[in-house]
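Modelling step: build the complete structure from the supplied sequences, incorporating the hints.
6 protein chains.
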Amino acid sequence: MIQATGGVGADDELRATLTTVTTATASAMLWRRGYSFTFMLGATPIQRGARVCGRAVTLRLGPGRPDLATSEADRNTKDPMWVAVEALGPGDFLVIDCGGNQSGATTGDILAARIQFRGAVGILCDGAIRDAAQIRDLVGLPAWSLGVQGLGFTPNLVSLDWNVPVRCFGVTVVPGDYILADDDGAVMIPASLAQEIADVCSEQEHKEEFIRRLVQQGVPVSECYPPNAATLEKYEAWKRSGH
Amino acid sequence: MIQATGGVGADDELRATLTTVTTATASAMLWRRGYSFTFMLGATPIQRGARVCGRAVTLRLGPGRPDLATSEADRNTKDPMWVAVEALGPGDFLVIDCGGNQSGATTGDILAARIQFRGAVGILCDGAIRDAAQIRDLVGLPAWSLGVQGLGFTPNLVSLDWNVPVRCFGVTVVPGDYILADDDGAVMIPASLAQEIADVCSEQEHKEEFIRRLVQQGVPVSECYPPNAATLEKYEAWKRSGH
Amino acid sequence: MIQATGGVGADDELRATLTTVTTATASAMLWRRGYSFTFMLGATPIQRGARVCGRAVTLRLGPGRPDLATSEADRNTKDPMWVAVEALGPGDFLVIDCGGNQSGATTGDILAARIQFRGAVGILCDGAIRDAAQIRDLVGLPAWSLGVQGLGFTPNLVSLDWNVPVRCFGVTVVPGDYILADDDGAVMIPASLAQEIADVCSEQEHKEEFIRRLVQQGVPVSECYPPNAATLEKYEAWKRSGH
Amino acid sequence: MIQATGGVGADDELRATLTTVTTATASAMLWRRGYSFTFMLGATPIQRGARVCGRAVTLRLGPGRPDLATSEADRNTKDPMWVAVEALGPGDFLVIDCGGNQSGATTGDILAARIQFRGAVGILCDGAIRDAAQIRDLVGLPAWSLGVQGLGFTPNLVSLDWNVPVRCFGVTVVPGDYILADDDGAVMIPASLAQEIADVCSEQEHKEEFIRRLVQQGVPVSECYPPNAATLEKYEAWKRSGH
Amino acid sequence: MIQATGGVGADDELRATLTTVTTATASAMLWRRGYSFTFMLGATPIQRGARVCGRAVTLRLGPGRPDLATSEADRNTKDPMWVAVEALGPGDFLVIDCGGNQSGATTGDILAARIQFRGAVGILCDGAIRDAAQIRDLVGLPAWSLGVQGLGFTPNLVSLDWNVPVRCFGVTVVPGDYILADDDGAVMIPASLAQEIADVCSEQEHKEEFIRRLVQQGVPVSECYPPNAATLEKYEAWKRSGH
Amino acid sequence: MIQATGGVGADDELRATLTTVTTATASAMLWRRGYSFTFMLGATPIQRGARVCGRAVTLRLGPGRPDLATSEADRNTKDPMWVAVEALGPGDFLVIDCGGNQSGATTGDILAARIQFRGAVGILCDGAIRDAAQIRDLVGLPAWSLGVQGLGFTPNLVSLDWNVPVRCFGVTVVPGDYILADDDGAVMIPASLAQEIADVCSEQEHKEEFIRRLVQQGVPVSECYPPNAATLEKYEAWKRSGH
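Protein chains in written order, with my numbering: chain A, 17 to 259; chain B, 17 to 259; chain C, 17 to 259; chain D, 17 to 259; chain E, 17 to 259; chain F, 17 to 259.
For the record, the hints were derived by calculation from the structure and aren't laboratory data. Mixed in with the good hints there might be a few duds.
If several chains are the same, the list does not tell them apart, and a pair holds so long as it fits within one copy or across any two.
[Said to hold, decoys possible] Listed below are the simulated DSS-like cross-link pairs for lysine-lysine, each with C-alpha atoms no more than 30 Å apart in a straight line:
#1 94 - 255
#2 250 - 94
#3 223 - 94
#4 223 - 255
#5 223 - 250
Pasting the structure below:
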């Protein structure tokens, strides 16, 4: 039933709009719609200044067991990790559920290069990655993780499955969810709400920028936030004046 | 490919043998066979003195999302939690992967009563349970969890799926694995190794009992552990004498 | 505005009723009324089998500072800790907010003896206590804490104030709230809801006992929980039959 | 008895002097005066290179309860959070005690703008803030927190009170204490010691700069730290020469 | 310079006296003598009701490295763990510093049997032990640890050295220190203070028992604790009357 | 048996080669040689962009005890910390084992200046340092620690010994091991393997750079990683062409 997105690219505009909003505004607007767990507290970027949005392709790892390890020969065709990477397409975001396990790194620079070549916009991993400097500087793929580890994908870890619901930094992610990530962290946006969130967040951020300016000029918060009718009127005028 | 066991009961003898060994011996013997992660550190029993063994029926929960919640009407037929419970049969062990989330309890006394009625031998949950005293004293179902919580299965949690590989207390568990649990914790035994582990553990524990008696009588460990030929000969004689 | 209860004893019947319900049922019923944070996860009893209910008299401690320490001479009249203890009356529950700080113990057996003599029913402390065995066996006062520490109330700690809202094990407690504690942990019940909770919990537990018996006899959960009209009718009959 | 400072500005010179010393020197000099808990380990700046000093205006939050929430209508006049913000004046430092709770953010960019407009020099919060980039880049108010969270001030949190002693990152802070914060963290300086600390720290840092230069030139630490009479004489000469 | 005690047994009387006092009183009396870190918070007994005192023989483990592992042939003569065990004598207490590492168990029932046979009174380990039930019920050796683990002494661990100062549960222990342990935890008593602590603790506990009885009879704490001259006089009379 | 290196400088070339490889490659190559615990997860640099390699001179600290403190007069000749610093020579790396204890800082700018003057290339400490900005900007000595703390070396800490095996960030380090540290963390390289690791890592990184370029050009990972014969041939050609 759940399908990897395949990177159809049909949502480029939506993703572009979402990329203009902050993770803070997105999670706040989702809270108002009944979603309590969307912000991924602790997702730490390896770079500064990136804000990307993509659709989740999920992967799930667990503590290693020899009977679940994929043979070298079958790796590319059967190992969920490699299959997931090859299923990535333009606009996808690889979400790796490690359950906080940092005993091995899930991704190094070579795999990151492949993930980028497939068109994915980022990696989100609640475990460790390695080669952080190379991924940032030589590959140029944005990544968020719990930590950085030197060891690679050792027998400490095993790929369990992909394209299933996963947990990541305290949030449930299903394949096809939108993931928006910036310097503050990452937020999950259900696909069915993504357009609505894109619309309301753009408006909300524009409005809050106006209010912040008012406050910086000395207008008491009590008079403008939440905005009353007079403030909203001024805001509309400000918009009409070209902001 | 992975199938819930359905509680066929064909393994009653095997489970009975495994129930005579300790989680310590089982995990040590699995280590020798290349399995590093089988002992579930932190699985805390709500009762004292129980040692049970059953085949894993797995269930996976995640932080709640309204779009993934099952409606009350569909609960019994579609919610993975309820479906999993009804799939339990004699000799099964319900293994619930919460990822350490204790924001709601997965099981209370009514559900535990059903789990027991279905024939399951225990519950293992790396999150919280509730009604611990009732489960222990009135239902009589052995349970191991991370903690005890008063709140029930609130919107803080959602059932993700069942009958899939899961993680529990740092161990990967696949459906059909044997779970052996006692006062020390719990251990996962792959189904394909269960008979072998049952055989070697019984022998190992018998041998170690003999060695411990020697040591208690003053034989230096250097002379009897690991046992040399002379010690093994004495052990065989001890066995022949009826021990 | 906030007043310590003074142990008026007028609520003896209410507290007696609350003492018949479990922390699990109480927190679940409070959840239905919009209270998300009432169960105190991690409150560990030093005894087994106690269930007590009392009204919160609160005390707040912090990391020590010499300028905030009370002189020996002023201790009994000005130190918030000692004033709080002397303000306790019959039916009170001393709630000590340490913020998880276990660098010193808040209460030993002599202070516990005084707390008990004043009529309080228990101590709840999200830090450490000392003399646990003596408090349990020689004083006989039920206590719940984060841990047990040998050191007493050293300069590592200072009393900040009492009779104010406090946090304890992740729950906000205001003076006069009811605290119900048992082997599973502790729950905060707002005074304004205490009678209602007492009423609905007694009924709820009775009903759940009936349902658990049905389930133990093989009735599927889908048919009796939540109870449908037929089950409720059977329940009423069961009650009329003297249960 | 405890009074918010009201931002009288009479201590501008003192604060300016304190701003020239490091949190390390200040906490070390306080240790010598019997204060063990003054350095706030874990207070993480959202900006680089800021060092500010202000007088503490305190605020205390707790896990949410509907009965303690302030209505929208009363927010500005009764909610401790909003009242505290409006009580801020020039030279104040807002200190928010969350007890480590990061389930909601205490401050976003609009509130930060108001805090700055009131004249406060910074925010210190042992919970989460949101809109970190905007607070840093668009508002320009220095802030130190435990983490960054997207969600705002949801019902997960409630304002308990303000202008009371609080705990923050393992330190007890009373209203009117000086808070000095830089890239290393934050330190609490009791008001009664602030002038003394300012005096001794300036001298201490000057002396340590001289000693560090000696050590960099090869003078063994054993000969100059702590400085003996000869070293002190050289230091006085160095000062007289214009350093 | 530091020597293992060799179990001379000359301190039997001292150890017997110390065994009559509680870890709480011992750590409090050490605090008054300038020792801040003597109580081992988190040392969890595997049995109930034991109180033992012995002299520390120390052992230090670390994360495993193949180049530091002792060959099977050299185990008994060169591995610090085995050498330490064979150095134990009557009245010793084996203190194992794992730094919190629970990836393998340091001691099982066979080794515990040897430790007991050598005359040691207990094991203290800030890592894991295994075979807890057998150590408690079949060997009968008291033990305190951080947790219980099934895996034995695998390549995850290596013995570093013995008979050196170690850290254990936040306390520095040097060989020959007295270790006193009971249900509340464990306390380190420097050898040079042991007789003094034994003397003052016995008196202190006797006095506190008298005071607790007064308090239980209703004497306000302000009148008897700390005891004033009148209380001390009554205490002396109570002693003279045969208590 | 174990000797501090004394900074003979004979290994300058080896250290220079190691400095060209990443901690990730080094720990991966060590893993292949049976070393599971070499990467120090959590070792956080106070600077950006440094990569240094030196031989470990070890120091071990513990929770303070007055009887183990060195008098001021004996500090330079007997305190293990000061003796260790004076034993440092060119190419050494000071490794301080605090066991995670951050209650005091081990090193400030004056001591760091001395450490640098002695020729050491860096400090690695699994506790706290202070004066981070001065160490980075004025002294210029690279340092990795668990955190930054204002308090100095207070009675909370005591030097236990130096030039012994230590634990640091989950890795066992013996004197003379090579420590390689960069922005990702730090890795321990046993001295006996250092030349081999230097050789294979240089080659490995060169090869992986080639492969990453292939992947960035679109070659599937399945065709080039691990490299098959054709890829290796292309790699050799690439090298011959001057890369």
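These are the hints, each one checked on the structure:
1. In the homo-oligomer, the alpha carbons of residue 94 and residue 255 never lie at most 30 Å apart, since the shortest distance is 54 Å inside one protomer and 33 Å across protomers.
2. Taking the shortest alpha-carbon separations for residue 250 and residue 94, only the inter-copy value of 28 Å comes in at or below 30 Å, while the best intra-copy value is 60 Å.
3. Proximity of residue 223 and residue 94 under a CA criterion of 30 Å is satisfied inter-copy only: 26 Å between copies versus 50 Å inside one chain copy.
4. With identical chains, the CA atoms of residue 223 and residue 255 are at most 30 Å apart within one copy only, with a shortest distance of 9 Å there and 56 Å across copies.
5. Only within a single protomer do residue 223 and residue 250 lie at most 30 Å apart by alpha-carbon distance; the minimum there is 10 Å, versus 57 Å between protomers.
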